[in-house]
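Chemist: Respectively, the protein sequence lines represent chains U, P, D and Z.
The numbers in this note's numbering rise by one with no breaks, and the one at position 37 of the first sequence is 130.
The numbers in this note's numbering rise by one with no breaks, and the one at position 20 of the second sequence is 13.
The numbers in this note's numbering rise by one with no breaks, and the one at position 225 of the third sequence is 228.
The numbers in this note's numbering rise by one with no breaks, and the one at position 107 of the fourth sequence is 111.
If you're looking for bench data, these hints aren't it; they were derived computationally from the structure.
Errors might be hidden in some of the hints.
Unchecked claim - Within a straight-line C-alpha distance of at most 25 Å, the following computed PhoX-like cross-link-like pairs (lysine-lysine) qualify:
id, chain 1, residue 1, chain 2, residue 2
1, D, LYS205, P, LYS13
2, D, LYS47, P, LYS13
3, P, LYS43, P, LYS135
4, P, LYS135, P, LYS95
5, P, LYS95, P, LYS13
6, D, LYS47, D, LYS205
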Amino acid sequence: MLNIVVMGLMLLGLFFFFGTSVGIVRFPDFYSRLHAAGKGDTLSSILLLAGLALYNLHHLSVDAILVSVKILFIIVFIFIASPTATHAIMDAGYEARVKHWVKRKTPKEPWPGEERRRQERHP
Amino acid sequence: MFTLATFIILAGAWLLLSGKFDAFHLALGGISCLLVALISQDLLFHERKKGLAARCGEAFRFLPYSCWLLYQIIVANFHVIQLAISPRLCERELDPHIFTFKTRLKSDFAKFVLANSITLTPGTVTIRIDEDVFHVHAISRKAAGDLETSETMSEMERRVAWVFEGRA
Amino acid sequence: MKKIALLITLAVGALLILAAEDFPRWGDAHAPANDYLSPYYIEKSLEETAVPNIVTAVLADYRGYDTMFETTVIFCAGITVLTLLRRTQRKAPKAVRPRPARQGADVILQSASRLLVPVMQIFALYVLALGHHSPGGGFQAGVILGASFILLALSYDLKTMLARLSENTLLRLSALGVIIYAGIGALCLLLGDNFLAYAALKVFGFSEVMAHSHGILGVELGVAVTVMAIMFSLYVDLASGGDLDEGL
Amino acid sequence: MHGNIADSAMEFFFILSGVLLLLFMFMPLYRAIWGPTVIDRLVGVNVIGTKTTIMIVLIGTLYNRVDMFVDIALTYALLNFIASLAAARFFQRHKEVGLAEDRAGGQSC
């Protein structure tokens, strides 16, 4: 029973991490890649660690509970740190005036800049 | 007063971390907590105007907020995965833009919670906070939602204000 | 002069390579270290030092000299970097770079670091204190402590952080760590045993085994203090380009 | 007997998810190596770092020594966070570093 819950949590975490990775590779510019990294990374880490913390409780003892609490510490830490790191990286990009990808209003309008030309090659 | 509160919180963290309850290790923990409480007493409780009781209230109101946030995070992830996996949706929906809005939250910590919540919820990431102006990058027009459009306060800001300032 | 230096370097290098011929083969299961030393450590370290973590026992007890000079090396390296990098008024001023506009103005980073830093410091001290039972010890604790100060310096600006923990304090702390380590050794010497022979500490009312255990803890504290101070002062100097004026 | 089967099944599952985690990590690695700008690389490295924390806990579970590995994982998470922040701050200051491609764009948004 416990094992099934653990498996469910971890599979869900893996699925979200897969989505994150695909997003990081496929999104057009650095800002939208950070969207994937900031959200997916947090949730998939939380789910995977929650699964491991639960599995750790299958031999119930004081030590096991304390170890699970430590994994909970890591979860809380990631919950605080991951969005903050996302924000810091994005702020750095904004300060360095990395341009964000904009949708073409008409199909004929050229993509401005090197990065967007690359995106045009691999839409 | 605040140093004592810091000490108690740190002692709790120590007990959970160490998991050894004999006298020697407890004494070591006491010394460590005292040391940290002294060298970083102004960190955990930065704004001294609010009393401890108000902070406990914040902590209690934070719990339902975090449940709502968790739900939002899950929605956000499905959104990201949809955008990432389906090419057509990517083509149609993706319209990144940067917008700014002015917040009414006063304290730094409330701004921090709001900023991280914006980052974790669908389609929006906080870029920076200038005084009380938030710069937000939204991945599509729809995702920006009422953060961009609302004249007074968006839903999320109202919730954060409820947690930290006690008004609805 | 340079040629003489090169010759000396080459000669010493050749000697070292010649000496390395006499080492046991790499990974040899029957090298003297594997035949006699390792089984001894594995069997005896717990009953002799009451430290379940063999690494800690070997590091701070059996090879205490080694670790003491490692700490000294860290101290010397830190001092050397400081003398090389540190700019004062007398040295040439550096080209003025535009001050990073966002420094010390990032509310999100500041709130996050205010939340995380005290817990990080507690965790560092936990790693130090429970180095006997879990992976950890002086070096790791020093790194985490130093990292917590670096986090503060990153989110606030460098001046605020240096007001909390000034450069002079850092230098004194880094020396203090080495002094704690060597002082425990010298204390053993004073109490009539060998240098760093923790058994001598039993006059304070411990059993001989517990004297080893507590001696190791004291020594680790010295290591942690030195590593923390040197790590943070290295960061301060590297990030500000030597004038301690503005950080990253 | 039943417990043993369940345990070995879980062990297999953990190994499988570790391998999957490793495979998925190659996608951020692609960003980290070929990312067009330095900041893209930073995104990839940050994600890989967070997932390494989980790998450490996973390996601990497989070896039945989670109590040890969890400390290492926590330390790793802390240092990864600080490293990401420091790198981000560094590039914020040295704007010209590695962002040549975007300057070539020339148009303002």
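Chemist: Does each hint hold? Answer for all of them.
Modeler: Results of checking the hints against the structure:
Of the supplied pair hints, the one linking LYS205 (chain D) and LYS13 (chain P) holds, its CA atoms being roughly 24 Å apart against a limit of 25 Å. Between LYS47 (chain D) and LYS13 (chain P) the CA atoms are separated by roughly 24 Å; this keeps the pair inside 25 Å, and the hint holds. Between the alpha carbons of LYS43 (chain P) and LYS135 (chain P) the distance comes to roughly 38 Å, so the proposed pair goes past 25 Å and is violated. At roughly 20 Å between alpha-carbon atoms, LYS135 (chain P) and LYS95 (chain P) fall within 25 Å of each other, so this suggested pair holds.
Proximity of LYS95 (chain P) to LYS13 (chain P) is assessed by CA-CA distance (about 49 Å); at most 25 Å being required, the pair is judged violated. For a cut-off of 25 Å, the pair hint linking LYS47 (chain D) to LYS205 (chain D) stands: about 19 Å separates their Cα positions.
Violation of the numbered hints given earlier is confined to hints 3, 5; the remaining hints are satisfied by the structure.
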